[in-house]
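With these hints in hand, go ahead and build the complete structure from the sequences.
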Amino acid sequence: MIRPRFRMEGPSDIWVAEVSQSLPDTTFRLLAGAPLESRTLELGEVVGPNPEAALEALAAHDSIVSLERLYVDADRGLTKYETTEQGLFTFLGETSLPPEFPLTVQQGAMEFNVTASREQFTALGERLDASPLRYELLSVTHSESADGVLTARQRECLDVALRGGYFEVPRESTLADIADELGVGKSTVSVTLRRATNRIVDWFLLATDDRPLDS
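In terms of UniProt numbering, the sequence shown opens at residue 1 and continues consecutively.
Derived by calculation from the structure, the hints in this document are not laboratory data. Just so we're clear, the structure is a prediction, and the values are computed from it rather than from any experiment. Each residue gets a CB set at the ideal place from its N, CA and C atoms; glycine is no exception. Errors might be hidden in some of the hints.
To be verified - Listed next, with one range per pair, are the computed distances between beta-carbon atoms:
no. : residue 1 : residue 2 : range
1   : P49       : S131      : 31 to 37 Å
2   : A53       : R155      : 45 to 51 Å
3   : P49       : G164      : 52 to 58 Å
4   : L41       : A152      : 32 to 38 Å
5   : D73       : A152      : 47 to 53 Å
6   : P35       : F167      : 40 to 46 Å
7   : R5        : L41       : 22 to 28 Å
8   : I200      : S66       : 44 to 50 Å
9   : A176      : T141      : 35 to 41 Å
10  : K186      : M1        : 34 to 40 Å
11  : K186      : D75       : 47 to 53 Å
12  : V191      : R5        : 18 to 24 Å
Rendered as structure tokens:
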């Protein structure tokens, strides 16, 4: 199984993005959540210099139907609430991956882990690549080979680039050459190659974490 950790910008119109961006010194943590028929029941924690203000901002958001304060002190607040937003569960549900708690959000950026098979990891990568939201693969741990690190599209693009000498010095092909062979735009090739190489570097550094790199 593969256990990646992602950082992803949240859609600007969801409550946690709006509220966390208005309170940049506060961290919002989703400790548990369950989708209901038309709402989501969540247990959340806020950590920062003014948790009282953070809970008030949360309660005032249009998507929050009800909120119960469970605990508040000088730098931490715990709350249970219902929201009409189900975007996170819908997003992960499309890849058959349940969310792993806690999920952390600060200044509109969400960090989360998933545990996935190679096929699920590939599907999630393709879903993220197709999303207009920016994301970053922070880490990946696994007990398998590197086969599941790249999506099928990233592997195809990387293979064409490698065979064409794109990584040679000097380069023997260009982004335009790769784009022509794949039948896609040059900007698509650029983004796909960048994400593929980032994933490979992340995987390699984690896989060799206890071994020195050759100079």
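So, going through the hints one by one against the coordinates:
For P49 and S131, the Cβ-Cβ distance of about 33 Å falls inside the hinted range of 31 to 37 Å, so the restraint holds. As the Cβ distance of A53 to R155 is approximately 48 Å, the hint placing it in 45 to 51 Å holds. With their beta carbons about 54 Å apart, P49 and G164 fall inside the hinted range of 52 to 58 Å. Distance hint for L41 and A152: a CB-CB separation of about 36 Å, consistent with the stated range 32 to 38 Å.
The given range of 47 to 53 Å is respected by D73 and A152, whose C-beta atoms sit roughly 49 Å from each other. Between P35 and F167 the beta carbons are some 44 Å apart, a value that agrees with the proposed interval 40 to 46 Å. Checking the proposed 22 to 28 Å range against R5 and L41 shows it holds: the Cβ atoms sit about 25 Å from each other. For the hinted restraint 44 to 50 Å between I200 and S66, the CB-CB distance of approximately 46 Å keeps it satisfied.
Judged by the Cβ atoms, the range 35 to 41 Å given for A176 and T141 holds: they are separated by roughly 37 Å. Hint check: K186 to M1, Cβ distance near 36 Å, so the stated range 34 to 40 Å holds. Our hint of 47 to 53 Å for K186 and D75 holds, since their Cβ atoms are close to 49 Å apart. A hinted range of 18 to 24 Å for the beta carbons of V191 and R5 is consistent with their spacing of about 21 Å.
Hint violations for this structure: none, all hints satisfied.
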